[in-house]
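Chemist: Add 1 to a position in the sequence shown, counting from 1, and you land on the number used in the working numbering.
Treat the hints with caution; some may be incorrect.
[Said to hold, decoys possible] With a cut-off of at most 30 Å between alpha-carbon atoms, the simulated DSS-like pairs for lysine-lysine come out as follows:
hint, residue 1, residue 2
1, K82, K170
2, K359, K406
3, K25, K423
4, K377, K359
5, K180, K242
6, K424, K411
7, K61, K8
8, K196, K62
9, K411, K25
10, K437, K414
11, K139, K8
12, K187, K241
13, K139, K437
14, K296, K170
15, K424, K25
16, K196, K82
17, K424, K406
18, K423, K135
19, K135, K170
20, K25, K414
21, K196, K61
22, K139, K423
23, K359, K180
24, K381, K411
25, K187, K139
26, K381, K8
27, K196, K180
28, K62, K170
29, K135, K387
30, K241, K196
31, K139, K415
32, K359, K420
33, K387, K188
34, K25, K387
35, K135, K415
36, K75, K8
37, K377, K406
38, K242, K296
39, K423, K411
Calculated from the structure, these hints are not laboratory results.
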Amino acid sequence: MLSHQQKINRVADRVLYLSSAGTKIRVYHGSTNTTRTLRRRRDEIVDVSDLNRVLEVNTKKRSVIIEPNVPMDKLVSTTIKYGLVPPVVPEFPGITVGGAVAGGSAESASIQYGLFHNLALSYEIVLGTGEVIKASSKTHPDLFYGTGGTCGTLGIITAIELNLVPATKYVRLEYIVVKDRGDLLKKVTANSGSKADFVDAILFENGGVVVLGFRTDNRDGIPVRRFSRPWSEWFYLHAKKMAESGGGSEVVPLQVYLFRYDRGAFWMGDYAFQTYPYHIPNNRFTRFLFNPLLKTRMLYRGLQESNIAQQYIIQDCCVPGERAAEFLDYIDSSFQIYPLWVLPIAPEAFSDTNIRTKSFVINVGIWGPLGLPYEKFVEKNIELEKVVAQLGGCKAPYGHFYGDKNIFWKNLKKETYEKLRKKYHADRAFPSFYDKIRVNERYTPTVTKGFFRALRPFWRLPLS
Numbered sequence: 002m003l004s005h006q007q008k009i010n011r012v013a014d015r016v017l018y019l020s021s022a023g024t025k026i027r028v029y030h031g032s033t034n035t036t037r038t039l040r041r042r043r044d045e046i047v048d049v050s051d052l053n054r055v056l057e058v059n060t061k062k063r064s065v066i067i068e069p070n071v072p073m074d075k076l077v078s079t080t081i082k083y084g085l086v087p088p089v090v091p092e093f094p095g096i097t098v099g100g101a102v103a104g105g106s107a108e109s110a111s112i113q114y115g116l117f118h119n120l121a122l123s124y125e126i127v128l129g130t131g132e133v134i135k136a137s138s139k140t141h142p143d144l145f146y147g148t149g150g151t152c153g154t155l156g157i158i159t160a161i162e163l164n165l166v167p168a169t170k171y172v173r174l175e176y177i178v179v180k181d182r183g184d185l186l187k188k189v190t191a192n193s194g195s196k197a198d199f200v201d202a203i204l205f206e207n208g209g210v211v212v213l214g215f216r217t218d219n220r221d222g223i224p225v226r227r228f229s230r231p232w233s234e235w236f237y238l239h240a241k242k243m244a245e246s247g248g249g250s251e252v253v254p255l256q257v258y259l260f261r262y263d264r265g266a267f268w269m270g271d272y273a274f275q276t277y278p279y280h281i282p283n284n285r286f287t288r289f290l291f292n293p294l295l296k297t298r299m300l301y302r303g304l305q306e307s308n309i310a311q312q313y314i315i316q317d318c319c320v321p322g323e324r325a326a327e328f329l330d331y332i333d334s335s336f337q338i339y340p341l342w343v344l345p346i347a348p349e350a351f352s353d354t355n356i357r358t359k360s361f362v363i364n365v366g367i368w369g370p371l372g373l374p375y376e377k378f379v380e381k382n383i384e385l386e387k388v389v390a391q392l393g394g395c396k397a398p399y400g401h402f403y404g405d406k407n408i409f410w411k412n413l414k415k416e417t418y419e420k421l422r423k424k425y426h427a428d429r430a431f432p433s434f435y436d437k438i439r440v441n442e443r444y445t446p447t448v449t450k451g452f453f454r455a456l457r458p459f460w461r462l463p464l465s
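Please put together the full structure from these sequences, using the hints given.
Modeler: Right, dumping it as structure tokens:
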């Protein structure tokens, strides 16, 4: 096994070789939670798939140093042995630390702590020249604060130091029933300033539910619920039943709560039953029977291998809280897709953008089938991008982007980003942020072939 330093040296040498040849570098991580179909050429990649170790847990400092390819479930299971956990943990266990930093991941603790990269204390980064530097609030602070959420287009992160907090045994959940979009936003806003450690909401076509979470070590006689077992109900279905029964409280083990949306990938697993090449009814027995195929790692792989991403809208859009009602009205009239995920985020997390709000930033997860011809699909995505920009928001970078550069940069700080690109020699080595996430190609769906390709071992590199 190579040491961390040996891995860094290999990455740095490869970066120097490719950038000196004028090649725009692509990074191979081994897995990804992007919705873009990935095809790379061997002569343009830097392989960082073996940067997958937890290097150090510091209990006094309450921090952890990890390599970027460590997935969330491995990170949590390691730090929790020391009684610590990252305060923000993306809901899918296969999301890597580096991917969460690059993609600006948010989750239900984001109302308190912001985005995942806001937990960072320092980054070890390989620049476009092959030089290795450490970026923190004291050394190269401009790069440190500019790296998160830019899809790895300023350099290759080889190690990350993250802040940790004490881990509790449970999370106590409170389910609050809402009657419509306006009521949901009202109750999300009212509870986002409360003592809740976690806040998120699910909006159904008729009503919804706000879910509050409180870290605790005590059950206090409240029933314990789990969502991780094959026979357990998917979390969103359970939350819907709780709303239909008038709400209530329960206690969930911490790790179960953090990855509660893994089984079924929120509700995208419902659509898998409609997409898989063989007709399979969707009921609790089949969800139990096909449980391994209905977790996020496999569902993402199936999405990428089958090239069906352009049959779905899979976007997270962030808008100022004051404009959230307009945005939800627009989604209802233009997409009629439900459920929707609604997530309040601390406004400080967007200080490096042009997004401004006096309350919170509201993230809306829009995930569902569009069923449109390709040209109409692109038009609909561009329409969404324009609306988000006009409302003073931006889209999460993991998804497709189809519009022009003016739309993309409207509420992001392009000038600051370009200065960083030039100062740290990223412009000569890595594709730009816009070029990295913009989708130019039309995907050809291959559902049956993709289904079986998705079952291959995960170490197979998709090259063409």
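Chemist: Hint by hint, say whether it matches the structure.
Modeler: Verification of the supplied hints:
The hinted pair formed by K82 and K170 meets the criterion: a straight-line CA distance of about 12 Å does not exceed 30 Å. For the suggested pair K359 and K406, the alpha carbons sit about 27 Å apart, so the restraint of at most 30 Å is met. Restraint check for K25 and K423: satisfied, since their Cα atoms lie roughly 14 Å apart, inside the 30 Å limit. Taken as a hint, the K377 and K359 pair is broken in the structure, with Cα atoms around 36 Å apart against an allowance of 30 Å.
Proposed proximity of K180 and K242 is supported: the alpha carbons are some 14 Å apart, at most 30 Å. Only pairs whose Cα atoms come within 30 Å are accepted, and K424 paired with K411 is accepted, the gap being roughly 23 Å. Distance hint between K61 and K8 is fulfilled; the C-alpha atoms sit about 28 Å from each other, no more than 30 Å. Taken as a hint, the K196 and K62 pair is honoured in the structure, with Cα atoms around 25 Å apart against an allowance of 30 Å.
The hinted pair formed by K411 and K25 meets the criterion: a straight-line CA distance of about 25 Å does not exceed 30 Å. Pair hint K437 plus K414 holds up; C-alpha atoms about 17 Å apart against a cutoff of 30 Å. Taking the CA atoms of K139 and K8, the gap is about 25 Å. The hint holds against a cut of 30 Å. For the suggested pair K187 and K241, the alpha carbons sit about 19 Å apart, so the restraint of at most 30 Å is met.
Of the supplied pair hints, the one linking K139 and K437 holds, its CA atoms being roughly 29 Å apart against a limit of 30 Å. With a C-alpha separation of about 24 Å, the suggested pair K296 and K170 falls inside the 30 Å cut-off, and the hint holds. With a CA separation close to 17 Å, the supplied pair K424 and K25 stays within the 30 Å bound. Note on K196 and K82: the hinted pairing holds, with a Cα-Cα distance of about 26 Å set against a maximum of 30 Å.
Using a Cα cut-off of 30 Å, the hinted pair K424 and K406 holds, with the two alpha carbons roughly 22 Å apart. Only pairs whose Cα atoms come within 30 Å are accepted, and K423 paired with K135 is accepted, the gap being roughly 18 Å. Of the pairs offered as hints, the one joining K135 and K170 is violated, with about 34 Å between alpha carbons and a cut-off of 30 Å exceeded. Between K25 and K414, the direct Cα distance comes to roughly 23 Å. Compliance with the 30 Å bound is thereby established for this hinted pair.
Between the alpha carbons of K196 and K61 the distance comes to roughly 26 Å, so the proposed pair stays at or under 30 Å and holds. This hinted pair checks out: K139 and K423 have alpha carbons roughly 20 Å apart, not beyond 30 Å. The straight-line distance between the Cα atoms of K359 and K180 is roughly 25 Å, inside the 30 Å bound, and the hint therefore holds. Taking the CA atoms of K381 and K411, the gap is about 19 Å. The hint holds against a cut of 30 Å.
At roughly 40 Å between alpha-carbon atoms, K187 and K139 are farther apart than 30 Å, so this suggested pair is violated. For the hint pairing K381 with K8, the CA-to-CA distance comes to about 43 Å; that exceeds 30 Å, so the pair is violated. Under the criterion of a C-alpha separation no larger than 30 Å, the hint pairing K196 with K180 is consistent with the structure, at around 23 Å. Proposed proximity of K62 and K170 is supported: the alpha carbons are some 21 Å apart, at most 30 Å.
Using a Cα cut-off of 30 Å, the hinted pair K135 and K387 is violated, with the two alpha carbons roughly 37 Å apart. For the proposed pair K241 and K196, the alpha carbon gap of about 24 Å is at most 30 Å, so the pair holds. A threshold of 30 Å between alpha carbons decides the hint, and for K139 with K415 the separation of about 23 Å falls inside it, so the pair holds. Proposed proximity of K359 and K420 is supported: the alpha carbons are some 29 Å apart, at most 30 Å.
As the CA atoms of K387 and K188 are separated by approximately 28 Å, the hinted pair is consistent with the 30 Å bound. As the CA atoms of K25 and K387 are separated by approximately 29 Å, the hinted pair is consistent with the 30 Å bound. Between the alpha carbons of K135 and K415 the distance comes to roughly 23 Å, so the proposed pair stays at or under 30 Å and holds. Among the hinted pairs, K75 with K8 is consistent with the structure: their alpha-carbon atoms are about 20 Å apart, no more than 30 Å.
Distance hint between K377 and K406 is fulfilled; the C-alpha atoms sit about 20 Å from each other, no more than 30 Å. Distance check on the hinted pair: K242 and K296 sit about 21 Å apart at the alpha-carbon level, within 30 Å; holds. Proximity of K423 to K411 is assessed by CA-CA distance (about 21 Å); at most 30 Å being required, the pair is judged to hold.
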